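Spelled out from the first residue to the last, the chains are:
There are 2 protein chains.
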Amino acid sequence: MNRISFEKVQDTLAGVLQRLGFSIDRAQACARLFAETTCDGVYTHGVNRFPRFVATIRDGSVDPQAEPRRMAGFGALERWDGSKGPGNLNAWAAMDRAMALSRTHGLGCVALGNTNHWMRGGTYGWQAAEAGLIGICWTNTMPNLPPWGGTEPVLGNNPLVIAVPRERGPVVLDMAISQFSYGTLESYSKRGEMLPVDGGFDEAGNLTRDPGAVEMSQRPLPIGCWKGSGLSIVLDMVAAMMSLGKATHQLSSDPLLETGLSQIFLAMNPEALGTPERLSEIADEIVASVHDCPAAESEKRVRYPGEKTLRLRAENRKLGLPAEPQVWAQILEM
Amino acid sequence: MNRISFEKVQDTLAGVLQRLGFSIDRAQACARLFAETTCDGVYTHGVNRFPRFVATIRDGSVDPQAEPRRMAGFGALERWDGSKGPGNLNAWAAMDRAMALSRTHGLGCVALGNTNHWMRGGTYGWQAAEAGLIGICWTNTMPNLPPWGGTEPVLGNNPLVIAVPRERGPVVLDMAISQFSYGTLESYSKRGEMLPVDGGFDEAGNLTRDPGAVEMSQRPLPIGCWKGSGLSIVLDMVAAMMSLGKATHQLSSDPLLETGLSQIFLAMNPEALGTPERLSEIADEIVASVHDCPAAESEKRVRYPGEKTLRLRAENRKLGLPAEPQVWAQILEM
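Line by line, the protein sequences give chains A and B.
Going left to right, the first sequence walks through residues 1 to 334 as this note's numbering numbers them.
Going left to right, the second sequence walks through residues 1 to 334 as this note's numbering numbers them.
Hint data in this document are derived by calculation from the structure and do not stem from the laboratory.
Keep in mind the model is a prediction, meaning the values are calculated, not measured.
Check the hints yourself; a few may be wrong.
It does not matter which identical chain is used: a pair holds within one copy or between any two.
Claimed, not checked - The calculated lysine to aspartate or glutamate pairs, modelled on EDC-like cross-linking and capped at a C-alpha distance of 20 Å, are: (1) K190 - D11; (2) K308 - D11; (3) K318 - E281; (4) K190 - D292; (5) K300 - E203; (6) K300 - E271; (7) K308 - E333; (8) K318 - E297; (9) K300 - E152; (10) K300 - D11; (11) K84 - D254.
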């Protein structure tokens, strides 16, 4: 594993993006989001994902010059069209606008249609929480998850993000609705390990912890089985209805053609109601109650969502971002 | 199982509530919510739960005359104090206010602290969706769920409701964050059946489908294991921070003393952005895509959340509400 400085990574990616038609500013912003994702330890959706992002630009799914446009607004609520622009820039702009609305109205919501994969969803949660706001956002995805009781992937794994500001560091939940992604199943398979909990059905229709069996059946489990199945459906409905964009069933199931997504960005401004000094205390007390829980395995403390992020961020800033050599070599050729 | 007319049930419960100190109007409203819950087929939280609700009034946890009070407001966002009043009346008032705010601002949110158990959470989702609004609400609860990696119940099962309006009938997700409630575990135990999926850990720390083993260990699973564990934490944080109310760790773990809950009620007004005629079509198309999914068991069609409700509601309205004879006898004595 190579280590490359944050600045070098960002500048290298930005250079590639400029050659693909991004303006200087947008190339830097888009590259920064990729570098920050790797820096925060979400390696699947940072630099390692960049070549696939470039492929979606080259094949026309992502328009590097397209900017999101405000289509309608009513008070704290707005609808934007992502114009098939870069998904992470669109999502950043949408959360930024929801945050601005929440400064004026206490709450703000932007429904964004016709956009592209937002890469790491947690990015937009951190964006809100680091500004002192609660951020809630979700996206629909291509069909990749069977509903409970069904055998075909008609639902999306629709990642959901809920981020809470806190002086000692935000608490950020960033979860897809599938129990394991296909990427995770593949990692377990390659290592020859069983999953820690049931991950889906085998070809015979039995629940299994065998990652290869789930890859074969293409029947991974939604979190909570019937519960996550229902959650995926309503998240898709709200995103598509509010944005007037596409629903999961209208999206291609080819990952390279997964374009035209619908997303919701919601910001809540807790300080608008006063008593800002109490807010972090409440969050700290909840964190303490979780940390105080006796651990099932004595060496592993119970953690809150996003707990590892700030430590990894500091470490990767200091040592340089980890990059897979062949991915980095590929990027240097672009 | 007896069948008793909706009106008879409502009037009987209202009579009990008046004798406990409710005003006539509030007694009727509170009784209606219990009767509607049973009518919609959520038997655990309707009439069958009424004796326990009465017990919380008698022991002083619920103040029958207390009304919720607006403590602070900023645009679309308000904080209310539930004054330890009846949880279902407080929740109804809070969602009603969030809905009114969404008519003015596109969005509305009421954070309600110092309230009591809201009984059936789905009630407030249906309330919003039947008025053409998207309703999202959640409550924290007493500690009843261990976090992932922990052995003590320091989290709540914090039910989450997401409701979507649709002309042919709302789509309403109403789910607790535990995979199975203790009530459900008990039902399986009594019938001598195994759970359909893992429901928790046994005393040896192994995942199990044996409901009795989970009752023994008091270690039920959150939905999605580490994912639901994180979701429970952030839902509690947002509710407690926005309401300045109690967090789960501050609540008694005695069900009869579970008072002073924190809740969030959020309404989104999709019609505020125009094109109301398209909204139901989008929802219908998603429903159709789910119904078209091949079923794992050919006789069981894949369902959307809340799908059975309208049929059960019509049936129970026509035939009368099912009541457990001993519960009904107990109510008639009150």
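- Query: For K300 vs E152, is the C-alpha pair at or below 20 Å within one copy, between two copies, both, or neither?
  - Reply: Between copies, since 14 Å is at most 20 Å while 37 Å is not.
- Message: When Cα atoms must be at most 20 Å apart, do K308 and D11 count as within-copy, between-copy, both, or neither?
- Response: Answer is neither; intra-copy 26 Å and inter-copy 55 Å both fail.
- Query: From the Cα coordinates, with 20 Å as the cut-off, is the pair K318 and E297 best called within, between, both, or neither?
  - Reply: neither (31 Å within a copy, 54 Å between copies)
- Item | Intra/inter-copy verdict for K318 and E281 if alpha-carbon distance must be at most 20 Å | neither (30 Å within a copy, 52 Å between copies)
- Is the C-alpha distance from K300 to E271 at most 20 Å within one copy, between copies, in both cases, or in neither? Result: close neither inside a copy nor across copies, 35 Å intra and 49 Å inter.
- Task: Up to 20 Å between alpha-carbons, please classify K190 paired with D292: within, between, both or neither.
- Result: neither (36 Å within a copy, 34 Å between copies)
- Query: Using 20 Å as the alpha-carbon threshold, which applies to K308 and E333: within, between, both, or neither?
  - Reply: Neither, since 33 Å and 57 Å both go past 20 Å.
- Task: Indicate which option fits the pair K84, D254 if close means a Cα-Cα distance not exceeding 20 Å: within, between, both or neither.
- Result: within (16 Å within a copy, 53 Å between copies)
- What label fits K190 with D11 when the C-alpha limit is 20 Å: within, between, both, or neither? neither (33 Å within a copy, 64 Å between copies)
- Task: Using 20 Å as the alpha carbon limit, work out where K300 and E203 are close: within a copy, between copies, both or neither.
- Result: Classified as between: cross-chain Cα gap 19 Å, same-chain 35 Å, threshold 20 Å.
- Query: With identical chains treated as interchangeable, where does the CA-CA distance between K300 and D11 reach 20 Å or less: within a copy, between copies, both, or neither?
  - Reply: Neither, since 38 Å and 55 Å both go past 20 Å.
Figure legend: structure checked against the earlier numbered hints; hints not met, in rising order: 1, 2, 3, 4, 6, 7, 8, 10.
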